[in-house]
Amino acid sequence: MRAGSRRGSQSYLSNFIGLPTRIVILLILFIGILFPFYWMITNAFKLEQDYYSSPPVMFPTRITGQNFVDIVTKYEVFKGLANSIMIASGATVFTVLFGSMAAYSLINGALPRRLKGVFGSWFLVQKMYPAIVVAVPVFYIIRSLRLMDNVLSLILMNTSFNLPLVILLMIGFYQEAPFEVEEQSMLDGCTLPQRYLYVTTPMVKSGLIATGMLTFVYSWNEFLYAVILTVNKSKPLTVLIAGFITDKALIWGPMAAMGCVVVFPVLIIMWLMQRDFISGISAGALKG
Amino acid sequence: MLISRRIHQTTSDRIWSWAFILPVVAVLMIAAFIPLGYGLVLSFYKYKLTIATSRPAFIGLQNYINMFKDEIFIKSLSNNILFALMSVSIELFVGVMVAMMLSDDNRMGRLLTTFLMVPMIIAPVASGTLWRMMMDRTYGVVNYLLSFIGIPPVSWIGDYRIALYTIVFVDCWQFIPFVALLVLSSIKSIPNSFLDAARVDGASPWKVFTKVVLPITSPVIIIVAMIRFIDAFKIFDVVFVMTQGGPGNATEMLPTYIYRQGIKFLDVGYSSATAILFILAMSLIAWVFIRLRNLQLRRLG
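Which chain is which? The protein sequence lines are A and B, in order. Taken in order, the first sequence gives residues 1 to 288; the numbers are from the working numbering. Taken in order, the second sequence gives residues 1 to 301; the numbers are from the working numbering.
Treat each hint with caution, since some may be false.
Under the rule of at most 30 Å between Cα atoms (straight-line distance), these lysine-lysine pairs were calculated in the DSS-like manner [said to hold, decoys possible]: (1) B:K188 - A:K127; (2) A:K233 - B:K234; (3) B:K48 - B:K69; (4) A:K127 - A:K116; (5) A:K127 - B:K75; (6) B:K69 - B:K46; (7) A:K233 - A:K79; (8) B:K264 - A:K127; (9) A:K116 - B:K234; (10) B:K207 - B:K188.
Partial list, derived from the structure: chain A residues whose beta carbon lies under 8 Å from chain B [as the list claims (entries may be wrong)]: (11) L26; (12) F30; (13) M101; (14) A110; (15) V217.
Between beta-carbon pairs, the in silico distance windows are [as the list claims (entries may be wrong)]: (16) B:F68 - A:F30: 38 to 48 Å; (17) B:T138 - A:L27: 23 to 33 Å; (18) A:P20 - B:I290: 35 to 45 Å.
These aren't lab readings, by the way, just hints derived from the structure by calculation. Remember, predicted model here, so these are calculated numbers, not experimental data. The C-beta atom is built at its ideal place from N, Cα and C for all residues, glycine as well.
Make a model of the complete structure from these sequences and hints.
Structure below.
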């Protein structure tokens, strides 16, 4: 009815446990989410006496950049950063390329219709089975291929993890793209790769970017295979930060600084892609 | 629509179409199907790599039988089930409440929604390390803040009676927002006329929640519950950085157990058997949830 009626009913709903309770709970939630980040950032700039003091220093009065210098000189942050970037962007390129090709072919190509169902059920299966169940065989296969401690093996694994989601999302985008243009170029004698490359894919470019970002973030955050398949030279950031807890004493300053390096690129991507992120994640969760 | 997409097919189109799905099939073969098949085969063998000259020996179902005699396996299974039940029920309860509270479309709600996304997209390893730092017994800020309300220092990580709940807490911190966001988008898709009608009839907000919102969103809630329940059996990163399965085996979960057996102790055959059993159990759980959802959808019409 009126535009205002939406707001009326909805806030009626959102105050279902009373406005004061609602405000208190939301406030606790808000602080609960943000406080760990406040703690990480302040610790990253604290002096050693301050992050090792009891009671903890809540509001640091002196700050230092030493922790960031340390992670560069002592803890190889640049190597980890380079590996993380290589793994995540490699996986993104392959996933988006292979995934969009497959999705295009399933929607506009001349494949038996049954195949789409096969891909759909594969998506469900992959969502169900935990990555750990193939970890042991993959570990031995990669070892016998002499690909241990090589970013290529992690690019391969991350590509395989993200392909189902990307194919699923891209199928949606290709289905929405207008078919008339495609049909016209078919009559003009364009081959299928030409139509894919020059006609239809440019129309779904925004979808391609959104799924690419999602893949990048998931591969950036991946830890299980990173810890299994790397030994030394190809350790990404996630493995380096875990190493602070398992190998070293609790040196929280550098650890918090490393945490900032792991977390901030993802936050920036999220900030740029807010809406696509929610819809991507929820489509991935609810479809199929 | 689909029929019209197929009228001008040529032979070259047909060949290219197959060529276009070839890379995906290749990646899948190397990274999923071959390892899975290999794992299935290995699960029937006794194969330990701790002895350099060890050869795989066929032992039939012995690995599967041994599993149920293995106390640590039973412990990690029960830990994992307990962890899944606790974290999923808390996440669902709080997540649905938060979604309700954010369901009005104002600026504050949208801002909060953005912040809600933060815990769920950062690396689980990072949130594990962050909480490990904050929950330290001596230097941690959590114990310090709790001391203001008179709670004595708690050994969140080191006490075997508490460590599992600590993991549950961190998991909730990361995934309550996930539940809330998905349920929220489902609440927002409820037609206004439904809510207005209930309101005009004089239903209290709580009534509207239980009689209108909950039934309509229930299929989504069931699916979210399924995803979280299955994901709870994938937990690895947080346990790995926070407790390494300890103290004792108090926080050992199935994935960390498989990792330890297969990668650390190199007991390939046994850990493969655990993994295969794991897939079977997960498929069963998913089947139950999907049945549940279909039942609910049918009831709603």
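Taking the hints in turn, this is what the structure says about them:
1. For the hint pairing K188 (chain B) with K127 (chain A), the CA-to-CA distance comes to about 26 Å; that is within 30 Å, so the pair holds.
2. With a C-alpha separation of about 27 Å, the suggested pair K233 (chain A) and K234 (chain B) falls inside the 30 Å cut-off, and the hint holds.
3. Of the supplied pair hints, the one linking K48 (chain B) and K69 (chain B) holds, its CA atoms being roughly 19 Å apart against a limit of 30 Å.
4. For the proposed pair K127 (chain A) and K116 (chain A), the alpha carbon gap of about 17 Å is at most 30 Å, so the pair holds.
5. A distance of roughly 25 Å separates the Cα atoms of K127 (chain A) and K75 (chain B); the hinted pair therefore holds under the 30 Å criterion.
6. Restraint check for K69 (chain B) and K46 (chain B): the C-alpha separation of about 16 Å stays at or below 30 Å, so the hint holds.
7. Pair hint K233 (chain A) plus K79 (chain A) holds up; C-alpha atoms about 8 Å apart against a cutoff of 30 Å.
8. With a CA separation close to 26 Å, the supplied pair K264 (chain B) and K127 (chain A) stays within the 30 Å bound.
9. Between the alpha carbons of K116 (chain A) and K234 (chain B) the distance comes to roughly 27 Å, so the proposed pair stays at or under 30 Å and holds.
10. The suggested pairing of K207 (chain B) with K188 (chain B) holds, with an alpha-carbon distance near 18 Å, which does not exceed 30 Å.
11. The beta carbon of L26 (chain A) comes within 6 Å of a beta carbon in chain B, closer than 8 Å, and the hint placing it at the interface holds.
12. At a threshold of 8 Å, the smallest CB-CB gap from F30 (chain A) to chain B is about 7 Å, leaving the interface hint in force.
13. With its C-beta approaching chain B no nearer than about 4 Å, M101 (chain A) sits inside the 8 Å limit, and its interface hint holds.
14. Interface hint at A110 (chain A): satisfied, since its Cβ lies 4 Å from the closest Cβ of chain B, which is below the 8 Å cut-off.
15. Look at V217 (chain A): its Cβ gets to within about 6 Å of chain B, closer than 8 Å, so that hint holds up.
16. F68 (chain B) and F30 (chain A) have their C-beta atoms about 47 Å apart, which keeps the hinted 38 to 48 Å range intact.
17. Take T138 (chain B) and L27 (chain A): their Cβ atoms lie about 29 Å apart, and the range 23 to 33 Å holds.
18. The hint said 35 to 45 Å for the Cβ distance between P20 (chain A) and I290 (chain B), and at roughly 41 Å that hint holds.
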